[in-house]
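Student: Sequence:
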Amino acid sequence: MLETIGIDQSTHDVYRSLLLHPSWTLEDIARETGLAEADVRAALDRLTQLSLLHEAAGHQFVPVSPEIILSPLLQRREAELDAQRARLSQERAALASLTSDYANMAAHRVDSGVERLEGVDAVRVRLMELAHQARIDVRTFVPGGALSAAALEAGRPLDEQHLSRGVRMRTVYLDSVRNDQPTVEYANWLASHGGETRTVPALPMRMILSDHTTAVIPIDIDDSRKGALLIRYPGMVRALEELFDMVWENAVPLGSAPQDAPPDAPTDREAALLKMLAAGLTDEGIARKMGVSLRTVRRNTADLQRRLGVQSRFQAGAEAVRRGWL
Numbered sequence: 001m002l003e004t005i006g007i008d009q010s011t012h013d014v015y016r017s018l019l020l021h022p023s024w025t026l027e028d029i030a031r032e033t034g035l036a037e038a039d040v041r042a043a044l045d046r047l048t049q050l051s052l053l054h055e056a057a058g059h060q061f062v063p064v065s066p067e068i069i070l071s072p073l074l075q076r077r078e079a080e081l082d083a084q085r086a087r088l089s090q091e092r093a094a095l096a097s098l099t100s101d102y103a104n105m106a107a108h109r110v111d112s113g114v115e116r117l118e119g120v121d122a123v124r125v126r127l128m129e130l131a132h133q134a135r136i137d138v139r140t141f142v143p144g145g146a147l148s149a150a151a152l153e154a155g156r157p158l159d160e161q162h163l164s165r166g167v168r169m170r171t172v173y174l175d176s177v178r179n180d181q182p183t184v185e186y187a188n189w190l191a192s193h194g195g196e197t198r199t200v201p202a203l204p205m206r207m208i209l210s211d212h213t214t215a216v217i218p219i220d221i222d223d224s225r226k227g228a229l230l231i232r233y234p235g236m237v238r239a240l241e242e243l244f245d246m247v248w249e250n251a252v253p254l255g256s257a258p259q260d261a262p263p264d265a266p267t268d269r270e271a272a273l274l275k276m277l278a279a280g281l282t283d284e285g286i287a288r289k290m291g292v293s294l295r296t297v298r299r300n301t302a303d304l305q306r307r308l309g310v311q312s313r314f315q316a317g318a319e320a321v322r323r324g325w326l
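Counting from 1, one number per residue, gives the positions in the sequence shown under full-length UniProt numbering.
Simulated from the structure, these hints should not be mistaken for laboratory data.
Check the hints yourself; a few may be wrong.
What the hints assert, rightly or not - With a straight-line cut-off of 25 angstroms between C-alpha atoms, the simulated DMTMM-like cross-links for lysine to aspartate or glutamate are: (1) K275 to D211; (2) K275 to E249; (3) K275 to E241; (4) K275 to E242; (5) K275 to D222; (6) K226 to E284; (7) K275 to D223; (8) K226 to E270; (9) K226 to E319; (10) K275 to E185; (11) K226 to D283; (12) K226 to E241; (13) K226 to D121; (14) K226 to E118; (15) K226 to D303; (16) K275 to D303.
Whole structure, please, built from the sequences with the hints as guidance.
Tutor: Here you go:
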């Protein structure tokens, strides 16, 4: 009851016993209150420190009026609480001001449904906000190679929050992550909690779709460090959702092996490589989209030319068209 000024329940009981029975000794107090003698001694010492008690001759204890001693202590505590309430009120006002400033800044960032996020840090902050706001559906393209085990673990708390709220999570990686054990284990964990993960040979760009209302895509597909565009135009979001759904339908669940192509048909990886070669992408650009090394792209291209029985990339394109592969 008086803990804020240093009097716990045991000390309170000992003090009250002496107020009611001034002649009681330490042993009397212990016997009547049920406290151990050591606890009674500690309480008596505390009361003496607070000047609520004086020890007289013959092991007698003389209590001092609580009003004389405790009233100033309570008044001091009340003054401290009043000062604390005043500080909290000031901090609440400062928070309201900062919240208003942030809302104004966000309003100025948004230009007719498109918000430009400059730099990696700005993107990271907005993605954290979107993650906490998501309630229905989150869809993601993750181009590039496999994420590190540390990066996967860093994202686990947010994914757990999504899944615990019943948010449907669908993620598309590149086929190259199938050889990465941490990614496969993380995909299995997601699946056990209701998430879905698939892979494809190539992805057009990094993309996040949230709740059918928001899309995040890079400003520069080839350099995500430049930042991102946060899009809320319903038409643009719907178009990007259609793109995701097309890729998703043709993707293979991570954890199952891709089906072998018929002998007279290209594999998914070969088909993706042919399309990118036909589109004029450089080897470096193809490597980025497939999440593999430049050396792997050149080896795959050479293997494709051997399979088609040609000597050049131009001939490979012509032969692929003749076979109906393009």
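Student: The structure should be examined with respect to each hint, and the outcome stated for every one.
Tutor: Results of checking the hints against the structure:
no.	hint	verdict
1	K275 to D211	violated (31 angstroms)
2	K275 to E249	holds (18 angstroms)
3	K275 to E241	holds (22 angstroms)
4	K275 to E242	holds (20 angstroms)
5	K275 to D222	holds (18 angstroms)
6	K226 to E284	holds (19 angstroms)
7	K275 to D223	holds (22 angstroms)
8	K226 to E270	violated (31 angstroms)
9	K226 to E319	violated (39 angstroms)
10	K275 to E185	violated (31 angstroms)
11	K226 to D283	holds (22 angstroms)
12	K226 to E241	holds (23 angstroms)
13	K226 to D121	holds (10 angstroms)
14	K226 to E118	holds (6 angstroms)
15	K226 to D303	violated (35 angstroms)
16	K275 to D303	holds (16 angstroms)
When each numbered hint is compared with the structure, violations occur for hints 1, 8, 9, 10, 15.
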